[in-house]
Amino acid sequence: MCGIAGFFQANHAGAGPDQARAAVAAMTRAMAHRGPDGSGSEIVSDSPTVVLGHRRLAIIDLSAAASQPMLDPDTGNWLVFNGEIYNFRELRQLLQGSQQFRSQSDSEVILKAYAQWGMDAISRLRGMFAFALWDAQRRELVIARDPLGIKPLYYGWHNDALLFASEVRALLAAGMPGTLSPDGLQSFLAYGAVQEPFTLVRGLQSLPPGHTLRCQGNSHDLHAFWLPPPTATAPPANALSNIREKVHAALQHAVASQRVADVKLGTFLSGGIDSAAIVALLRQATSDDLFSFTLAFADKRFDERHFAALSAQANAFTHHELELGGDEVKANLPAAINAFDQPSIDGLNTWFVAKAARSAGLKVALSGVGGDELFVGYQAFRNPRRLHRWQNFLRAMPTRATAALAARSDSEKLRKLARLASYPYPATFLTRQILSPELRQSLLCPDFLAAGAGTSDWEQRCFAQLAGRADDDLINAISFWELRSYMLSTLLRDSDQMSMAHGLEVRVPLIDQDLVELMLAIPSRYKLGSPPKPLLVHAAGTGLPDACVKRPKQGFVLPFDQYFQDALRPELLDAFHPAQDGLFRRQALQDLWQGYERKHVPWGRIWMIFVLRRWLQQHLAIS
24 MCGIAGFFQA NHAGAGPDQA RAAVAAMTRA MAHRGPDGSG SEIVSDSPTV VLGHRRLAII
84 DLSAAASQPM LDPDTGNWLV FNGEIYNFRE LRQLLQGSQQ FRSQSDSEVI LKAYAQWGMD
144 AISRLRGMFA FALWDAQRRE LVIARDPLGI KPLYYGWHND ALLFASEVRA LLAAGMPGTL
204 SPDGLQSFLA YGAVQEPFTL VRGLQSLPPG HTLRCQGNSH DLHAFWLPPP TATAPPANAL
264 SNIREKVHAA LQHAVASQRV ADVKLGTFLS GGIDSAAIVA LLRQATSDDL FSFTLAFADK
324 RFDERHFAAL SAQANAFTHH ELELGGDEVK ANLPAAINAF DQPSIDGLNT WFVAKAARSA
384 GLKVALSGVG GDELFVGYQA FRNPRRLHRW QNFLRAMPTR ATAALAARSD SEKLRKLARL
444 ASYPYPATFL TRQILSPELR QSLLCPDFLA AGAGTSDWEQ RCFAQLAGRA DDDLINAISF
504 WELRSYMLST LLRDSDQMSM AHGLEVRVPL IDQDLVELML AIPSRYKLGS PPKPLLVHAA
564 GTGLPDACVK RPKQGFVLPF DQYFQDALRP ELLDAFHPAQ DGLFRRQALQ DLWQGYERKH
624 VPWGRIWMIF VLRRWLQQHL AIS
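Heads up: the sequence shown begins at 24 in the working numbering, then just goes up one per residue.
Distance condition first, Cα-Cα at most 30 Å in a straight line; then the derived DSS-like pairs of lysine-lysine:
no., residue 1, residue 2
1, Lys573, Lys269
2, Lys323, Lys576
3, Lys439, Lys622
4, Lys269, Lys576
5, Lys353, Lys323
6, Lys573, Lys323
7, Lys353, Lys622
8, Lys576, Lys436
9, Lys576, Lys439
Per label pair, the in silico range of CB-to-CB distance:
no., residue 1, residue 2, range
10, Arg484, Phe416, 21 to 31 Å
11, Asp604, Gly627, 18 to 28 Å
12, Gln641, Pro59, 18 to 28 Å
13, Gly578, Gly605, 29 to 39 Å
It is worth saying that the hints were derived from the structure and are not from the lab.
All residues carry an ideal CB built from backbone N, CA and C; glycine is no exception.
Work out the full structure, taking the sequences as your base and the hints as a guide.
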C-alpha cells in the first residue's frame, strides 16, 4: 500500500514539465505518511505533459527493483500503483512465457499484464488497487480503481490539467482551489461522512469503484469495467449444503490469498463475529506466528476484551490489548483529526488500533470490514419489506396529510416516517440519515444557503450509481446499497486514511471480489436465520467461539458520552460556543449542544459537527 499522484495536460500552452513535476512533488510530500519507505516522481511524457509520483510502503518485494514510478523497458509504459494484487503470482505464471520480469513485485505484473492483454488485464486483477498507467504507444493515460473501492483515488481539473492523488489533501497541496462543496457538505451532514463521488472540496471527486478514466489528447472517457451480478433465480439442488461449501471455499481462498506479504501479519479483533471469523479462517490457512489487536475500555458497556481474548486464545494468536481512556483520546485528538483526509463520524477507533499494531512492528493487518454488509448483519436487513410497505402506503396518502404530519409532529421518528411519502429513493437511505433536511437547513448560515447549498441534487447524483442494479430480492439489493454507500464512504475510507496515517496496510478479505460476486448471487433466504450470519459462522468452524456468536450484536465504538462529560468537554464547549462562525448559525450550534446536555440529542450529532468544524479549520481555513 502506498500513495500515488499524477498530472496530465494535453494543452501545450499550459504548465511545462518542470511546473508539473513541482505540483506532483507537492502532492507526494503531502502523503509522506502513506509511504515512509521511499518516494519518486518521473516526467513520463513531454507532449502531452504527464508526470507520475509515488510514496512507497514496502510490503511485497522489499528491494529497489520494486520502486516506483516503474518503467516497462519493453514497451516504454510507466506505472504508479497503490494497493495489492493478491493473484499476481498466478498472473505472472500465465505471462512467464511471453513477458520478461525483472522484479518479484505485483506492480510489474500489472505492467506486463497490460502489455499482454491491454485494457482486458484490469478485469483479471484480484485485489485492492488504484493505479495510473502511461501507455507510451497510444499516448494515453489510464487510471483505474478496484471494483469495491477499497483504495481511494481522487481527481480534478485545474487550469486545463488533470491532477489525481490518493488523498484530497495532496490535491490541495498542489494548488487546487480549496472551496467548500455544497454537495459534499450536505451529504456529510446527512450521513456523517462525505458520500462518493463527492468530496468537501468543490471540483474534486473520487473515481467510482470498478471504473477507469482514460485521457488521450483533449478527450477523456469514464468507463465501468465491473458490475455486480444479480441474484440467482434458481438455486441448485441440495442448495444449502452446496452454498455453504462454495462460501467456505471462497472465504478460505480470500483469507489465504490476502496473507501474502514479506512482512509480519496481524488482525484487528473486536468481540464480534466478523473479525473473529477472520482470525479463525486465518489460522485455518497458516501455522505462522500471528498477532491480534483489540481496544479495551474501563466502561464495561463498551468493553469487548473478554470475547476478543477468547478468539485469540482459540486460534493461538499473540494477543495485544490497548485500554483506551479519555485522557489518551484527548492527547491524541489533534493528530487523529489531522489524519482524516475527509472527516467522518467514525474512524477514531481505527486510528488507535492501527497505531497499536504499527507500534508493535506490523505493516499489514486484516480487518472484518464488510461482514455486516455482505453477510446481512445490520438491523436494516431485519424485515425491510415492512419499511418499504410503509413507504408505499404513505405515498398513496393525500400529500397534505403527510406534509402536516412531517411539519407538526413532535416526534422525529414520525417526521422521518412522514417524509418517506415524498422521498424518491429507497426507504433505507432515509432511515440512515443522521440529520434531517430540516435540521441541516436550520444549522447552516443564510448566506451559505443562499449560495445554493440548500438546493443541491446531491442525493440524485449519489444514488445514480445504484440505478443499474435491478434486483427483485430486496435484502440483496440492500446489501449492495450498503456496499456502495456506508461501507464505501465511511468504513473503507476510514480504514484507509486512519491506518495509513501510521504507515499500516489494512486488508479486507470479507469483500474479496469473487466472494462478493458469489454472495450477491445467493438468494437472501440462505443468509438469514440463527445464528446470525450463518454462512460466515459455518465457514469459520470451531475456531469461532460460541460466546462470540451468541452474544448480542455490538458496534465497535468508543464511549463518547463519557469522554464528552470529562476529558473532551472543554474542546466541545469551545466548538459549540464560537465567537463567530461563517458556516453554521451560532445559536443553532448552542441549541444542539443544549439538546445533548438534556439527553435529547445523540452523541453522534455532536461528534460529527465537532470533527467537521476542526477539519474545515485545518484544511480549508473555514472557521
